[in-house]
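The hints should help you fit chain B onto chain A, whose structure is shown.
Here is how the chains run, residue by residue.
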Amino acid sequence: MTPLSSGALSISDGQLALSGLLILVNVGLSAALRLGLGRSLLLASVRMVVQLLLVGFVLEWLFRQDQAPLIVLVGAAMAMIAGVSAVQRTRHRFLGIYRNSLLSVMASSALVTGLAVTGLIQPQPWYNPQYLIPLLGMVLGNTLNGISLGLDRFMEGLRSGRDQVETDLALGATRWEACQSVVRDAIRVAMIPTINAMMVMGLVSLPGMMTGQILQGAAPAAAVRYQIVILFMIASATALGVFGVVGLAYGRLTSTEHQLRLDRLVKLGGQG
Amino acid sequence: MPSHPAALDRSLLLRAHGLQRRLGDRLLWSQLDLELAGGDRLGLVAPSGAGKTLLLRTLALLDPPQAGTFSLLGRAPAAWGLPRWRAMVSYLAQRPVAGGGTVEANLRAPWRFRERRGGDGWSYGRITNWLAALGREPSFLSYDAERLSGGELQLLALLRALQFDPTVLLLDEPTASLDGATTAAVEALLIVWLAAGARAAVLISHDGEQIQRFASRTLELQP
Chain A
1 MTPLSSGALS ISDGQLALSG LLILVNVGLS AALRLGLGRS LLLASVRMVV
51 QLLLVGFVLE WLFRQDQAPL IVLVGAAMAM IAGVSAVQRT RHRFLGIYRN
101 SLLSVMASSA LVTGLAVTGL IQPQPWYNPQ YLIPLLGMVL GNTLNGISLG
151 LDRFMEGLRS GRDQVETDLA LGATRWEACQ SVVRDAIRVA MIPTINAMMV
201 MGLVSLPGMM TGQILQGAAP AAAVRYQIVI LFMIASATAL GVFGVVGLAY
251 GRLTSTEHQL RLDRLVKLGG QG
Chain B
1 MPSHPAALDR SLLLRAHGLQ RRLGDRLLWS QLDLELAGGD RLGLVAPSGA
51 GKTLLLRTLA LLDPPQAGTF SLLGRAPAAW GLPRWRAMVS YLAQRPVAGG
101 GTVEANLRAP WRFRERRGGD GWSYGRITNW LAALGREPSF LSYDAERLSG
151 GELQLLALLR ALQFDPTVLL LDEPTASLDG ATTAAVEALL IVWLAAGARA
201 AVLISHDGEQ IQRFASRTLE LQP
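So the sequences go chain by chain: A and B. Residue 1 is where the first sequence starts when you use the working numbering, and the numbers rise one by one after that. Residue 1 is where the second sequence starts when you use the working numbering, and the numbers rise one by one after that.
So that you can see chain A by itself, here it is in the shape it has in the complex:
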């Protein structure tokens, strides 16, 4: 187990405040170019600082816990937030979309993270929050993006391809035959960020977790191994989650009578 409080130089309150001055670069730029971003920049900065400081306290408390149900409950709450957020970015909705998203996020992340802590990394005990929570967090963050992209692409694909889908149906296609190109496209698009990330991993991006471990004093070669495991977890959880959520949306927006049910879609005002 890596010790929590050794290794990296600690950052004092004064140093933390000093780093905040860096945001003045953005504020200055916004003022000079009249971007009108000053308020949002400040708000975002304050939110970031407050949220992270709070999370620091919460994690310190959480890492002292040793009761499986409590830790699993925290994990489930994280998954719920991810499932709900994934839907927030879509342009259309249908009844049950939140349930579908929650189901897909929870099932895929529980399966993959569960396999990782029981079979791959094997912390003692398996619910050791110092491992379970960060691993789950990384898996969720990426699954969320995939699900969001996949859902949005699928719904928009059905809308724009509606005439083609119904032409195929009218020619005797089953709903799967008529929709499969839209389904495939949605899953493909949802997987692109994950594949891109793996392609340039280490060359363009040094992932946060690895950087953290290295600052903490871990040997880079060991940190890299964690990163590899994490990326495979992310890739498989994203694939499962996207497959699940697009599959469920397909079931909802078509019928067993092989009809396209776009009447079940509701356009959302506001949110882009």
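These aren't lab readings, by the way, just hints derived from the structure by calculation. It is possible that some hints are incorrect.
Label pairs and their in silico Cβ distance ranges [stated by the list, open to error]:
#1 B:78 / A:81: 38 to 46 angstroms
#2 A:211 / B:142: 16 to 24 angstroms
#3 B:20 / A:99: 55 to 63 angstroms
#4 B:105 / A:176: 46 to 54 angstroms
#5 B:179 / A:84: 33 to 41 angstroms
#6 B:63 / A:99: 20 to 28 angstroms
#7 A:176 / B:20: 57 to 65 angstroms
Positions of the beta carbon are idealized from the N, C-alpha and C atoms, including for glycine.
Below, chain B alone, put in the same frame as chain A:
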């Protein structure tokens, strides 16, 4: 040519009973009964927005039916299976759509559907005969389907449906983008095709004269 009208199979093909359609809180039509026998050419007559297209979509079961019962050759849709039903009750949309590739690729594509496998398959000879009747060269088959004009797209959609010899053909403004000569050729082709088996057609047209020329009877839609 249909030189022996007595040989026409006049048996009942399609029956729809008690149909109703609402759009929002507007009742488009209700208590609608419709029967099609072999050789029938039914013209739908109603002002714009009265739900003519929706009636054709309803008969093809592309929308969830709001009320009513359907049967084709005495069997209910569920007994046929919906893809089979739509293979036999073929709906041609007002604005036809073609996928990527050539006209030929588009004519071949639906043969790959599970419902169509085991059929005769695409027939070059049959299609080119029809093309000739419509005043088009066989080279039409190699055109890029995404660059067809609106009228050419309608011809593609017509042949795409006709090649499967559906029992009922639902035509939604099938010649709206065609010139007069080709329109006449399409009507003549349809009449020959209809006479060649136990088949019927329903026609929507904004052109009252076309309804008069083509339809053997008409149905007026009203709420």
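Right, here's what the structure says about each hint:
1. B:78 / A:81: 38 to 46 angstroms: Cβ of residue 78 of chain B to Cβ of residue 81 of chain A: about 43 angstroms, so the range 38 to 46 angstroms holds.
2. A:211 / B:142: 16 to 24 angstroms: violated, 58 angstroms
3. B:20 / A:99: 55 to 63 angstroms: violated, 32 angstroms
4. B:105 / A:176: 46 to 54 angstroms: violated, 21 angstroms
5. B:179 / A:84: 33 to 41 angstroms: violated, 56 angstroms
6. B:63 / A:99: 20 to 28 angstroms: For residue 99 of chain A against residue 63 of chain B, whose Cβ atoms are near 25 angstroms apart, the range 20 to 28 angstroms holds.
7. A:176 / B:20: 57 to 65 angstroms: violated, 30 angstroms
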